[in-house]
Amino acid sequence: MQAHNRRKTVLLLAAMTSLVAIVVWAAGLYAGYTTVGILPIAVGIALIGTWGSYYSSDKLVLAMTGARVIDESDAPQLYNLVHEVVIASGMPMPKVAIVEDRAPNAFATGRDPEHAVIAFTTGILQVMDREQLQGVAAHEMAHVANRDTLVSAVAATTAGAIALLSDLLMRMMWFGGGRRDNREGGSNPILLIASLLVLILAPIAAMLLRSAVSRSRESLADATGVQFTRNPAGLRRALETLAADSTVVNQRSTAVAHVWIESPLDSSMSSKLFATHPPLEERIANLRALENGQFDN
Amino acid sequence: MGTYIAIAAVIVLVALFVVGQYNGLIRLNNVVSEAFAQIEVQLRRRTDLIPNLVETVKGYAAHEKDALERVIAARSAATAAHGVPDVAAADGQLTQALRGLLAVSEAYPDLKASANFIALQEELASTENKVAFARQYYNDSVRSFNTKCQTIPGSLFTGLAKVSARPFYEVEDPEARNAPKVQF
Chain A
1 MQAHNRRKTV LLLAAMTSLV AIVVWAAGLY AGYTTVGILP IAVGIALIGT WGSYYSSDKL
61 VLAMTGARVI DESDAPQLYN LVHEVVIASG MPMPKVAIVE DRAPNAFATG RDPEHAVIAF
121 TTGILQVMDR EQLQGVAAHE MAHVANRDTL VSAVAATTAG AIALLSDLLM RMMWFGGGRR
181 DNREGGSNPI LLIASLLVLI LAPIAAMLLR SAVSRSRESL ADATGVQFTR NPAGLRRALE
241 TLAADSTVVN QRSTAVAHVW IESPLDSSMS SKLFATHPPL EERIANLRAL ENGQFDN
Chain B
1 MGTYIAIAAV IVLVALFVVG QYNGLIRLNN VVSEAFAQIE VQLRRRTDLI PNLVETVKGY
61 AAHEKDALER VIAARSAATA AHGVPDVAAA DGQLTQALRG LLAVSEAYPD LKASANFIAL
121 QEELASTENK VAFARQYYND SVRSFNTKCQ TIPGSLFTGL AKVSARPFYE VEDPEARNAP
181 KVQF
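In order, the protein sequences belong to chains A and B.
Reading the first sequence from the start, the letters are residues 1 to 297 in this note's numbering.
Reading the second sequence from the start, the letters are residues 1 to 184 in this note's numbering.
All clues stand as given, with none of them false.
Which chain B residues stay away from chain A? Per the calculated CB distances, all over 12 Å, these:
| no. | residue |
| --- | --- |
| 1 | V18 |
| 2 | G20 |
| 3 | N23 |
| 4 | L111 |
| 5 | V171 |
Pair by pair, the computed Cβ-Cβ distance ranges are:
| no. | chain 1 | residue 1 | chain 2 | residue 2 | range |
| --- | --- | --- | --- | --- | --- |
| 6 | A | W51 | B | G83 | 44 to 52 Å |
| 7 | A | L11 | B | V18 | 29 to 37 Å |
| 8 | B | T151 | A | L220 | 23 to 31 Å |
| 9 | B | R44 | A | I204 | 52 to 60 Å |
| 10 | A | V69 | B | T47 | 27 to 35 Å |
| 11 | A | I200 | B | A37 | 54 to 62 Å |
| 12 | A | I48 | B | R143 | 43 to 51 Å |
| 13 | A | E100 | B | L16 | 48 to 56 Å |
| 14 | A | S219 | B | Y60 | 44 to 52 Å |
Since the hints were made in silico from the structure, they are not lab data.
By construction, the Cβ of each residue, glycine as well, lies at the ideal position given by its N, Cα and C atoms.
Use the sequences and the hints to build the structure in full.
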């Protein structure tokens, strides 16, 4: 499973990098450069972008969400229960962070287990008991173990960059910018239409890639988390609390959500426990099946 | 010429296979050792917490001598234990003694309300969970190591790697083998 996941990760990063390269290339075409000259530059920009988000994903997410890294004396119980799960998983201890937010939520980020961060909102610490929080910590630690954090961070950053880039170019086009005067290859209408199409389709492709990442990985993280704690009830009860709380969360978070949607690095760049594609009910049912004895490790 | 290349290729492949098997055994063996070290770290943390706990309980419930003395005795047995079976047995004894002490302290509302005791209880509950998880991780690593040692092709290389199957960490207290619970 680990090896399979890693292969998928590499594939996805390659896909994102090529997508950025294609967008830059299309932009170059539109702006009037000939195809061959722009290609190395396009690939270079794409590589730098992907590497940048790979390398600094943890800092980016922390800065974005306003998470504050804590140590043991700040929140002994939280620190303890994360440490318990870490011991169960046999992985290095991640940083633990707290986000001042009344909405109950949690996320994990970081490019590898050595640079992982697990963050909890103040809201989740209030509404959940120790066993539930342990389930949540196990779920987030599972994201770290499966390398989901890296993938979703890079995917989201790159998708954001593509969207931003094509948006910019669309505007340039609209207002008759670009380099119309000295353009040679660009005068070919088929090329122009092709580059336009790429510019329109690339953001959509990026969004699709990103959602493909988070969808399959939530259920896997539930299973891996239970493998750590051997206690499906904790995570199941945590998800039930989240399900019951969802309307409240959405209302409270609209102000924040607005900012996040506009930002190229929106909230789903970290693998959130909440608002993920497999519906909570389905995940709860799966955990309940584990509780009823069909658990084989 | 072609046959020489073929022979050389076969030799290289065999060498790579042997190296892979050897390294795999050593790596898994090290994981088991690290996992056992983690159990010991957590057990030591627990024995370090006990003097403080005993003092706190004494302050409110000095006449619960039996329960207190059992904890103290189990603690010194645990500090002296060496090797997986001994450590595991002492661990089980101490877990039971602690559970007994915390059960009697239920009867003392003043004790239960004291900030020191509440903090200690969280520390103990967490350490208990950590011990349980460290055990679980240890036994999982032993299982995969032993499987590798006892099945072909791994079993052919145990002599070369100078490793052999490792003992499981078995706790006598049946309750402690269940999934760890937060309640203590």
